[in-house]
Amino acid sequence: MTKSTRSPDAARAERGDQADIQAVSRVSQILSLFDPATPEVTASEVAERLSLNRTTAYRYCTSLVAAGLLERSPEGGYVPGGLLLQLGAFAIGRRRVVNLAPRHMQALSRATQTSVVLSLWGLTGPVVSRVEENVSTVVIVSVRVGSHLPLDTAQSKIFLAYHVDQLSMERLTANLPGPARDELRADVERVRAVGHCSAMSTPGVVAVAAPVFDEYGICATIAIVGPDNTLSMSDEAPELRVVVDTARELTRELGGHYRPDDLDQRAV
1 MTKSTRSPDA
11 ARAERGDQAD
21 IQAVSRVSQI
31 LSLFDPATPE
41 VTASEVAERL
51 SLNRTTAYRY
61 CTSLVAAGLL
71 ERSPEGGYVP
81 GGLLLQLGAF
91 AIGRRRVVNL
101 APRHMQALSR
111 ATQTSVVLSL
121 WGLTGPVVSR
131 VEENVSTVVI
141 VSVRVGSHLP
151 LDTAQSKIFL
161 AYHVDQLSME
171 RLTANLPGPA
181 RDELRADVER
191 VRAVGHCSAM
201 STPGVVAVAA
211 PVFDEYGICA
221 TIAIVGPDNT
231 LSMSDEAPEL
241 RVVVDTAREL
251 TRELGGHYRP
261 DDLDQRAV
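All residue numbers for the sequence shown refer to the UniProt record's numbering, where the first residue is 1 and numbers rise by one.
Among the hints, erroneous ones may be present.
Unchecked claim - Listed next, with one range per pair, are the computed distances between beta-carbon atoms:
id	residue 1	residue 2	range
1	G146	P177	26 to 32 Å
2	R190	L100	26 to 32 Å
3	T38	N99	24 to 30 Å
4	A174	R72	34 to 40 Å
5	V194	L83	38 to 44 Å
6	S25	R259	31 to 37 Å
To be clear, the hints were calculated from the coordinates, so they are not data collected in a lab.
Glycine included, every Cβ here is placed at the ideal spot set by N, Cα and C.
Start from the sequences and build out the full structure, keeping to the hints where you can.
Written as structure tokens, this is what we have:
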């Protein structure tokens with residue numbers, strides 16, 4: 001039997017490192033609870049949703065308030081704090097696509113008579129970062145900025161197809177039940193084959209999306225959304241070509257390479 005030569009100080013340091021990593025992971029989980037549908041949480045809700053005891057949840061929330069990442073609301077709950085808002089605004093501001101996209105989105109909205117959605121990749125899926133609504137139509141499909149889109153949306157399937165970290169994408173889909181996972185992976189393969197995606201993840205609402213690339217790879221998706229009685233999911237739909245052309249033009253402005261163009265070139 002070999003006796004360990006590790007000193008007690010080294011063992012304590014290793015345990016401390018593991019505790020720090022666990023604390024950072026827990027903070028990330030707490031901050032991930034916030035979305036447009038959940039603008040405020042209580043310590044009890046944090047405890048319930050993360051399987052913590054209430055004392056631990058309260059201690060984390062209190063520490064995050066002290067750090068400026070959360071603030072106490074008048075109702076006694078917790079909302080995103082000033083530092084979190086500042087960092088979020090800074091992170092979004094650094095994405096050139098957010099600055100270049102608005103005029104393209106406005107033109108696309110006018111041309112298709114639909115709402116246009118720009119999404120960036122968040123922690124585990126696309127996050128709606130900008131929306132242009134076409135107020136001239138009778139029916140407007142509204143999408144809230146900050147919404148986290150599920151994996152069965154057109155935007156998610158495009159990110160799954162083109163994201164540079166395909167190992168992480170595989171891990172995301174691996175958590176799904178067997179039939180849903182197989183169906184999603186088949187849809188992602190089709191996106192790689194055709195270069196775009198149309199889907200109806202919300203009953204009655206169609207999204208037609210295309211990828212946007214910068215010099216590092218996919219940086220966003222641009223999509224039009226509308227009622228299924230006015231917006232088709234067909235590959236022959238005229239709106240699809242306008243979406244793809246918009247994504248290509250935005251990609252060129254960003255200095256990126258529009259990978260689906262390779263498909264067009266091989267088909268010639």
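Going down the list of hints, with the structure as the test:
no. : hint                     : verdict
1   : G146 to P177: 26 to 32 Å : holds (28 Å)
2   : R190 to L100: 26 to 32 Å : holds (28 Å)
3   : T38 to N99: 24 to 30 Å   : holds (29 Å)
4   : A174 to R72: 34 to 40 Å  : holds (38 Å)
5   : V194 to L83: 38 to 44 Å  : holds (43 Å)
6   : S25 to R259: 31 to 37 Å  : holds (33 Å)
The structure is consistent with each of the numbered hints, conforming to all of them.
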